[in-house]
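There are 4 protein chains.
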Amino acid sequence: MATKSKIGVLGASGYTGSELVRMLLRHPRAEIVLLTAERSAGKAMRDVFPQFSPFDLPTLLAIEGLDWGKLGLDVAFCALPHATTQKVLKDLLAQAPGTKVIDLSADFRLHDTAAYAKWYGHEHHATELQKEAVYGLTEIHRREIRHARLVANPGCYTTCAELPLIPLIKAKAIDLDEIVVDAKSGMTGAGRAAKEAMLFSEVSEGFHAYGVGHHRHMAELDQEFSLAAGRDVVVTFTPHLVPMNRGIYSTIYVRGKRGRTPEDLHAILLKFYMKESFVHVLPFGEVPQSRHVRGSNITFIGVTKDRIEGRAIIMSTLDNLVKGASGQAIQNMNLVMGYAETLGLEQVALFP
Amino acid sequence: MATKSKIGVLGASGYTGSELVRMLLRHPRAEIVLLTAERSAGKAMRDVFPQFSPFDLPTLLAIEGLDWGKLGLDVAFCALPHATTQKVLKDLLAQAPGTKVIDLSADFRLHDTAAYAKWYGHEHHATELQKEAVYGLTEIHRREIRHARLVANPGCYTTCAELPLIPLIKAKAIDLDEIVVDAKSGMTGAGRAAKEAMLFSEVSEGFHAYGVGHHRHMAELDQEFSLAAGRDVVVTFTPHLVPMNRGIYSTIYVRGKRGRTPEDLHAILLKFYMKESFVHVLPFGEVPQSRHVRGSNITFIGVTKDRIEGRAIIMSTLDNLVKGASGQAIQNMNLVMGYAETLGLEQVALFP
Amino acid sequence: MATKSKIGVLGASGYTGSELVRMLLRHPRAEIVLLTAERSAGKAMRDVFPQFSPFDLPTLLAIEGLDWGKLGLDVAFCALPHATTQKVLKDLLAQAPGTKVIDLSADFRLHDTAAYAKWYGHEHHATELQKEAVYGLTEIHRREIRHARLVANPGCYTTCAELPLIPLIKAKAIDLDEIVVDAKSGMTGAGRAAKEAMLFSEVSEGFHAYGVGHHRHMAELDQEFSLAAGRDVVVTFTPHLVPMNRGIYSTIYVRGKRGRTPEDLHAILLKFYMKESFVHVLPFGEVPQSRHVRGSNITFIGVTKDRIEGRAIIMSTLDNLVKGASGQAIQNMNLVMGYAETLGLEQVALFP
Amino acid sequence: MATKSKIGVLGASGYTGSELVRMLLRHPRAEIVLLTAERSAGKAMRDVFPQFSPFDLPTLLAIEGLDWGKLGLDVAFCALPHATTQKVLKDLLAQAPGTKVIDLSADFRLHDTAAYAKWYGHEHHATELQKEAVYGLTEIHRREIRHARLVANPGCYTTCAELPLIPLIKAKAIDLDEIVVDAKSGMTGAGRAAKEAMLFSEVSEGFHAYGVGHHRHMAELDQEFSLAAGRDVVVTFTPHLVPMNRGIYSTIYVRGKRGRTPEDLHAILLKFYMKESFVHVLPFGEVPQSRHVRGSNITFIGVTKDRIEGRAIIMSTLDNLVKGASGQAIQNMNLVMGYAETLGLEQVALFP
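Just so you know, the protein sequences line up as chains B, C, W and E, in that order.
Each residue of the first sequence is one higher than the one before, starting from 1 at the first, in this note's numbering.
Each residue of the second sequence is one higher than the one before, starting from 353 at the first, in this note's numbering.
Each residue of the third sequence is one higher than the one before, starting from 705 at the first, in this note's numbering.
Each residue of the fourth sequence is one higher than the one before, starting from 1057 at the first, in this note's numbering.
Hints were generated in silico from the structure; no laboratory data involved.
Below, computed lysine-lysine pairings styled on PhoX-like, alpha-carbon distance capped at 20 Å:
hint : chain 1 : residue 1 : chain 2 : residue 2
1    : E       : K1327     : E       : K1228
2    : E       : K1226     : E       : K1331
3    : E       : K1060     : E       : K1156
4    : E       : K1126     : E       : K1146
5    : E       : K1060     : E       : K1126
6    : B       : K131      : B       : K90
7    : B       : K4        : B       : K100
8    : E       : K1251     : C       : K547
9    : B       : K43       : W       : K899
10   : W       : K874      : W       : K979
11   : W       : K747      : B       : K195
12   : E       : K1187     : E       : K1156
13   : E       : K1251     : C       : K395
14   : W       : K975      : W       : K874
15   : C       : K547      : E       : K1099
16   : W       : K710      : W       : K774
17   : W       : K899      : B       : K195
So here's chain B without its partners, still in its complex pose:
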């Protein structure tokens, strides 16, 4: 039997943390040896997530006082709040330079320190690491990820918008100045912090936009779209909240360039993702539903034509906790560790 990697999950009491544990428990090459949670330190994982009651898992620890060198983790998944992450990872990688890190926070996603300071309101505290970090949109940056020590796992909204748009931008197939991304997210995207606005009674049976004109994921979109285009690209992006637990759904309005029809755009995407296990392009004209990827690491993409000549409507959907966070993180771990990319990620969607 193959040896297992020693895995730590930092920030195991949040939803991306529990989702990592859910999948790592069944990953044939993973052994969870460390779980941390600041406010719940000393508790059992079953006390914060009762679904793990039947399983043996390490007790939750506080990060303060851990000896990273002694722990000798092969892989650390970091699902800590923004800013905290920078400090923790600086320490960790100083003490245990051989540990591979998959960071699920936003802290290392932006290559440009000025952009970081602008969107996050303060200077970056680990600029050396920021330079080293590789942006973990697996299907796009697979080659660099394989050799990375620090992978900055992309945001859920951004993964959902970038997977359909980057191939089209690279192919110079769409007008870059007229892209509208109308995005909708389930409630787990808001995390597990106790906020009035996230109470069941505040969010069920209704729908609304938020962060209109100024959501932080825009910075990631700008970076990756501009990189793909070789020029600055700024898109319109509006996030909304849907009364459901899981799922991101992006409805994307584009205009084909130089005579590209919606069918052409579909063909580009179909070809681009033909060999991918986790991006599935539906037949032209079919519309995806978020529920059909729930619990799986798969993204569904559909392309249809608008009734306005030359315009296409593209829909993409993924599970924000899986392909939009912990699933892609494990996919990146598999690359970094040289495992088969799909290992531990084979779960078929849970519908209904």
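Since the structure of chain B is provided, determine the placement of chains C, W and E on it from the hints.
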């Protein structure tokens, strides 16, 4: 005490029918004397809608065999399926020419018989009535509605998109060739017919678009926007389904024309609706939520700026069964009958 | 036009507070002159409950510093947290002895100070008022309520269990030692405080019991059932949480005494509530649904036979925020002020 | 690599069918070679369940015309409607006597043909097979299941009530004449047939009982409880519908016999299930939640004391589509085929 109008509700076993009954039961000038339902003829209203169990209501009848002249209805609300409506209303108005009709179907909304035939797949069977019908978007066509005998109550999606856009189009304040309406609806918009796709387990915990590029409400949008603009206007419109009962939410992407800023657009809407009871424009930058108009006849409109210079994002929301259907129908009845426009429609939103 | 009562709502930023405002805004004899909210003092009501944006309402104030004598309220609704209430009401009634108080907290529901201390963990701080307070289960204690200055509005679970059971206990029709009340509540019953356990993602798509064997509403049940029976009665009571906003549903298992059949029990309830506007007993064998009383002040009760000879299953349901809290509070205000009991409470249920 | 069993799923277009496919796709010893669906015959599985779009699966066929002998299935899962099943399985086992059958319908669960006729309203059409069939409550009848050719997979409600009660009945630890099972189910338990009562708008945001006093699963409970007790046992059982997709939750009221305390009952269950992979007894006093077993094959059981001396409240919960149907069916297949019992069933619960 003022006399009451004799009211009939045709098609009382569907959601817009029950919603009419809910509000008419408390309308001080309304007396429900007729309820029809084809498949449930002979049943009590409480058998199809148990919430009416404590109230006295007429037994459900089939339309076949009714003597409209003898019934002498003052007002008939018609919530029948499309096409059926044309035949029924031709008979009704022939036998009882003095009855006022508020039709909630799509049958009389399009003035252009060619457009009707194109979108509905067959010739119109009551073209004389089609010419007579007045489009019942109350705040826009109030004057004609007052004198109408047959009011074609608008669709829910269309009301939600037209209320914010028509004033801007009339004011020549936005670019007419770049309007995107990303619309989301609760499940009652799909009606009460037993369809697999509308089962709880098929629609809860997920999100999806439908009718992409070819939804029938587009025809109404085209008619009203073109009328307001004095030229042909074709917008991009994508409907989606949200796992909630009630609510339409439109996120509308526009570009100001001739230097109009998002703030200017807001000012136009604020002024246009200043004296309206049922359209409420939020302060600039505020984002509405569908839950805050649930059960009420009020539309909330919010205007924000996009981060792209010159573009605005407008959000409007209403309860599809109230302002989007039965509430606006009663508002139109009030106009037609010379009652105070808000009569029977004062209910404050039910949140949470 | 009749004069209006000057009304204050203490604790207007919670769900029972907003529900009071929703109904009082349309109550023909009510004028809201005071709204309080400690943490939101200084804000507009629309800032904490955007559904009130179109309406003129007083700014939210802190209680500290109010001059109750000067305010001269006719009625104060008190929707404050437990314990706080005792202090506030002692002050209020000392300064403004003519103000009528409808208290929605649990503070004055228990007549027995020892029972209070046992269930709430500390001595009562306003024992004089506790003696004066009248338990506000309207249909049962109507006579005393009419003359009360301080009405202790019952809990939602207790109202739902007491309305069907008290008439049967009074009629000595059921075995008192074998009553099981399996109760289910929507999420608004848990209030608006930001708690992790009440987040959308924690409570949607699942079901669970809580407070098993030790829920505080038991004390109220004990008091009222024992009062009705003339001896101590202790029932089994288990509350559960349902992923819905509104509604309490009680499934009650009883055994008929001295040959009473389920049909007999039904007849007793039917007769007891024959003339009541807000308690509706369904035909024998019919099963109520919580959704059919949503937003209304009505309780539905159904009685069926168990397949075990002599046993009946009784189901009752109400909207926890209306008949289970704010609606019954207004019903009690109507009694106290000598208004028609149904005033401002005529709203028909909002279904779907 | 071990050889794979050739598997057929009869009735693949329903929820238990799709759930079988979901798990069998990842079962290391299963190869799906046949999928049937009458009304959808000729379609691809992705047309009826889009979540399977990325996977290769056989085209849906009609049963009529299949040559069971030629197909040579190792295992047939039968998820057909009641009554149809009898005819199909008689043919199948006549033509292919070596095929093992796991039947998910109710057709072979009752050993007593008179009981069958009483509860289902007609004579049984395959009485020979009825005698042969083994009741597939795995943890209780494991030994017989290993040698069975035809396993009658239990109902979801019954599995949830039988797992906690049978060990207590066998141990003679509870009063047999006073058992109340108050059961709650998610909507997938109602199947995928298009019925008005199961529409999203009819069932969301509400709660209700149904089948009160006469639900067919009672017959199964009677059979298994009486078998365990060695005498007739009839329990009170009331099913309810919860607005969620998955999950059964049973709140069970019992009285300890001969001095058995709630703690004793807990100890009995803990011991009984100590070595089981799919039944997890929580520490005494802990209350399970249905969401923590969602998507997994595990049952959670909690035991608490009632405040009434000698009475206990037991709560059990499972995923109705997994342990309540398709998961237990695969567990039974594993036994019948001699595979490890947990094969293909290791999925950790998907929460949130």
